[in-house]
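**Q** Single-letter residue listing:
Number of protein chains: 2
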Amino acid sequence: MSLVVQKYGGSSVADGEKIMNVARRIAKTSENGNQVVVVVSAMGDTTDDLIKLAYNVCENPSSRELDVLLSTGEIVSSTLLAMALKSLGAKSISLTGAQAGIRTDNSYSKARITNIDPRRVVRELEKGNIVIVAGFQGMNEEMDTTTLGRGGSDTTAVALAVSLEADKCEIYTDVAGVYTADPRIVSQAKKLDEIGYEEMLEMSTYGANVMHPRAVELGQIYNIPILVASSFLESPGTLIHGGIPMEGRNRVTGIAQDLNVAKVTIVGVPDKPGIAATIFERLANAGISVDTIVQNASIENITDLTFTIAKSDLAPATEIVKPIASEIGARDCIFDPTVGKVSIIGTGIQTSPGYAARMFTTLSQEGINIMLISTSEIRITCIIKEDKVKDAVRALHRAFELEQA
Amino acid sequence: MSLVVQKYGGSSVADGEKIMNVARRIAKTSENGNQVVVVVSAMGDTTDDLIKLAYNVCENPSSRELDVLLSTGEIVSSTLLAMALKSLGAKSISLTGAQAGIRTDNSYSKARITNIDPRRVVRELEKGNIVIVAGFQGMNEEMDTTTLGRGGSDTTAVALAVSLEADKCEIYTDVAGVYTADPRIVSQAKKLDEIGYEEMLEMSTYGANVMHPRAVELGQIYNIPILVASSFLESPGTLIHGGIPMEGRNRVTGIAQDLNVAKVTIVGVPDKPGIAATIFERLANAGISVDTIVQNASIENITDLTFTIAKSDLAPATEIVKPIASEIGARDCIFDPTVGKVSIIGTGIQTSPGYAARMFTTLSQEGINIMLISTSEIRITCIIKEDKVKDAVRALHRAFELEQA
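So the sequence lines, in the order shown, correspond to chains A and B.
Quick note on our numbering: the first sequence kicks off at 1 and runs consecutively.
Quick note on our numbering: the second sequence kicks off at 1 and runs consecutively.
All the given hints hold, so there is nothing to weed out.
Since the list can't tell identical chains apart, any single copy or any two copies may satisfy a pair.
Here are the simulated DSSO-like cross-link-like pairs (lysine-lysine), alpha carbons at most 27 angstroms apart as the crow flies:
id, residue 1, residue 2
1, K110, K127
2, K110, K311
3, K385, K190
4, K110, K86
5, K110, K91
6, K322, K272
7, K52, K91
8, K311, K385
9, K28, K191
10, K86, K52
11, K52, K18
12, K190, K388
Just so you know, the hints here were simulated from the structure itself, not pulled from any lab data.
Keep in mind that this is a model prediction, so the values were computed, not measured.
Bound-form chain A, shown alone:
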């Protein structure tokens, strides 16, 4: 008998009919002789609705209270799914994150899982129950509810699969799997049958919204194969696993894009040690992640420092960067929210010559100016004007012949 962990996202359980549809899929998996643990997100827009309720009574609600409030969304969907399974004659029980043994640190709204005590889940499986776990939530040492932040339910599923030593971890969502590019931009984009953890991690981090990078990373660390597939279709999806050799087919796997990008340039920075450190430390303290960083060649001990952040962090970043810039005697600060990223991802990209050149040539032929470049072992990212991102994705998909993937 196999143990399968399945995760269903909010759009898959948005109403009663969709919950029944998901229940039928789960019941089928169970009838096929599997033990099944299901992680479920909040129904449709529930989380947004709860956030609106909160901001209606408080401009600045405490993150502890917000976490307790938001956690109810997943509790509601988990009980409804257990009831739907009952109406199909399947034996099941819902558990909150706390009951499922998910222990976290105290970082409300973005808690990290510290460990999982799977005893209750195991006991319920042994009783013959399908176990429905409310995703996105856990409990800290104070026995208070925490939420796991972005990608929380995916992370719950992968972490439970690790803890239970599950045979399979399946993430069901509203797309059919991982594509060579966003199918809404590139109509010829192909669904991939499989992808390596590293590539998937770069795809996720650089804008493919199929799965959150932290869940992919967890799968990679514990070498749990993760299937990403549609909860609405019967198609086989994409298997994320570690069995793909690093030097594999040695080609571009996919194109990712990200429009939630803003560029910050501090002009005329005195080239002294410690200045960059000051800036990035203060941004980090404010919870603002800095991405691509470029410091232009120094002329007469004066330099320009450029970096990118999430567009949604632009307002707090401006408040932090401006005073520092005047403090250190910089000439100017430029904040540009009209940029985006396009990335090519594939094993062996950095060690095989020609990929970077072909990427830059392609963009140049499209008349797209490259502002910044960043690379990893398996990725090359260009920062370009926001309004050129879609054209860039289409041109690169053609140039790397991904429609034949």
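Could you slot chain B onto chain A? The hints should help.
**A** Frame of chain A; chain B shown alone:
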């Protein structure tokens, strides 16, 4: 410093504005130098909405899952109230029933509180927090969520007041207090400044919907004074306490009515020991409470057995009573859902002559036929036709001069 437990019902927290209004009242109580514990119900129609969601996916949801689902309603309102207090600058924290230490038996949907471990509540009070507790819910030995059924949040409040040895327990609702009769029926009804536990218990049990009898009973057992008042007004409400002498003013305190009544008559029952026991045991096993029971004088070892039940229990009661009636050779069964109760309540009623006589005369003068009578030390109840109940209440209110209360 006094410790005050306050309870706010669902209509008092039905939307953001009402939550802010309640928060202002709580903050004021705190600013006046009190430690405050607040028990809150689910917002407005939340519970009904959740029940609809449940029956949308399952005709017969398990009561365990239903309890987990319904408990989220009070968790939502408790966090919102904590946030509203924060926006007023008051320090507060929300706790679920489980976190507040409310332990119950396993009777899902109608759990009884077995004990309260108040340590977490005390710790939060000592930190200077106003403690908001989600009402209507607790946790059983399996660490599963249970709900307390009807009157659950009132019971949570009184039980917490007992456990914390609170100085005051205040139940805020959408009425100004306890009246001599339902003000929607009798426009001259007077609000009572105080009432004894016993009288309040009879008023609650016999139809006054201000407070659930189980919460009144708990207050009586532990001698906790309970103030019932409006959350919308600044009026002083009604104090329920034990300090009123049994022989007090020796008069009728109030008139109660109940329309949720059905009458069952088993005609021609052989007058043998054990037959009534069989019937009432089977009804009790099905969770059906039997009220007034009358067995008419036996003629030739044949008797008529009449009793009343809640109108809402009529269908299951019919299924139980019919087979028993034919089993024991009764001639017929009559089920009458068109009846109601009217009661006069007051200390010393049974020991002072004249009250019963005046009640029966008054009803007779109104042309109202009395079908059954039941009495307690402080109450006389008549079962009459449903459509005569309002007239009866008005006539009795006049006859006992309650408009001068």
